[in-house]
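Asks: Going down the list, the sequences are from chains A and C. The numbering of the first sequence is the working numbering, which starts it at 1 and goes up by one. The numbering of the second sequence is the working numbering, which starts it at 1 and goes up by one.
The hints are simulated quantities; they were obtained by calculation from the structure and are not laboratory data. Think of the CB as a built atom: it goes at the ideal place given N, C-alpha and C, for glycine as much as any other residue. Be a bit skeptical, because a hint or two may be false.
[As the list claims (entries may be wrong)] As a list, the in silico DSS-like pairs of lysine-lysine whose alpha-carbon atoms are at most 25 Å apart:
1. C:Lys16 to C:Lys106
2. C:Lys16 to C:Lys70
3. A:Lys71 to C:Lys106
4. A:Lys9 to A:Lys57
5. C:Lys38 to A:Lys9
6. A:Lys57 to C:Lys3
7. A:Lys57 to C:Lys106
[Claimed, not checked] One side of the interface only, derived from the structure: several residues of chain A facing chain C at Cβ under 10 Å:
8. Met32
9. Ala50
10. Arg110
[What the hints assert, rightly or not] Listed next, the stretches of chain C that the computed footprint assigns to chain A, with coverage defined by at least 3 CB atoms under 8 Å from CB atoms of chain A:
11. 33–44
12. 98–106
13. 109–119
Below are the chains, spelled out letter by letter.
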Amino acid sequence: NAGVTQTPKFQVLKTGQSMTLQCAQDMNHNSMYWYRQDPGMGLRLIYYSASEGTTDKGEVPNGYNVSRLNKREFSLRLESAAPSQTSVYFCASGLYGTVQETQYFGPGTRLLVL
Amino acid sequence: AQKVTQAQTEISVVEKEDVTLDCVYETRDTTYYLFWYKQPPSGELVFLIRRNSFDEQNEISGRYSWNFQKSTSSFNFTITASQVVDSAVYFCALSEASRVVQGAQKLVFGQGTRLTINP
Chain A
1 NAGVTQTPKF
11 QVLKTGQSMT
21 LQCAQDMNHN
31 SMYWYRQDPG
41 MGLRLIYYSA
51 SEGTTDKGEV
61 PNGYNVSRLN
71 KREFSLRLES
81 AAPSQTSVYF
91 CASGLYGTVQ
101 ETQYFGPGTR
111 LLVL
Chain C
1 AQKVTQAQTE
11 ISVVEKEDVT
21 LDCVYETRDT
31 TYYLFWYKQP
41 PSGELVFLIR
51 RNSFDEQNEI
61 SGRYSWNFQK
71 STSSFNFTIT
81 ASQVVDSAVY
91 FCALSEASRV
101 VQGAQKLVFG
111 QGTRLTINP
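If we strip away everything but chain A, and leave its shape as in the complex, we get:
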């Protein structure tokens, strides 16, 4: 049981390049999330997916797109990376309405945009 996995662990991009961050969970959770973590600002929600086939914007969606490929996988795409997107990105999954209700986070992807 790996929980939530993310790839890659670290990436360096040049301004204008594109890339996709991958996330997968094996806990059979319905909802999945992408957050970014910046110094002094905690984590902020970028996009979320309540269930397979649905996605919606969070607090800071500009410059990103997402795909909920199936129940397990939720990817985050940067079409044209900007230095302001330098951050640590966390994927999470969760169940609501259960005694185990919480979100479980992946190990994070550290992204540097030059």
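Position chain C relative to chain A; hints supplied.
Replies: Then chain C, alone, in the frame of chain A:
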């Protein structure tokens, strides 16, 4: 609007001291959920506790305890007899029931408190 404030940016104490991390939240909902997460130097986020708004009973888990007070909108976290392994960034987070969409629970995080335990 929902908001979480962790006013203590950094705390440094000597091992075996007790330390309290403050968390103040704002919400208009009557039903909401509060969380604490730990982020050790390795970077992952580790879930510590969830508390529902209708359950004000304090929680103790080993050296960790949580004091939830609706009257002051606070959910403070105390580590008793701190250890070097407690060194981490700690985040408090809030989720409002009204903002749950089809089971997706959107967390709002505080800025985090970096706790350093010195030997």
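Asks: Would you pick out the hints that fail for this structure and give their numbers low to high?
Replies: 1, 2
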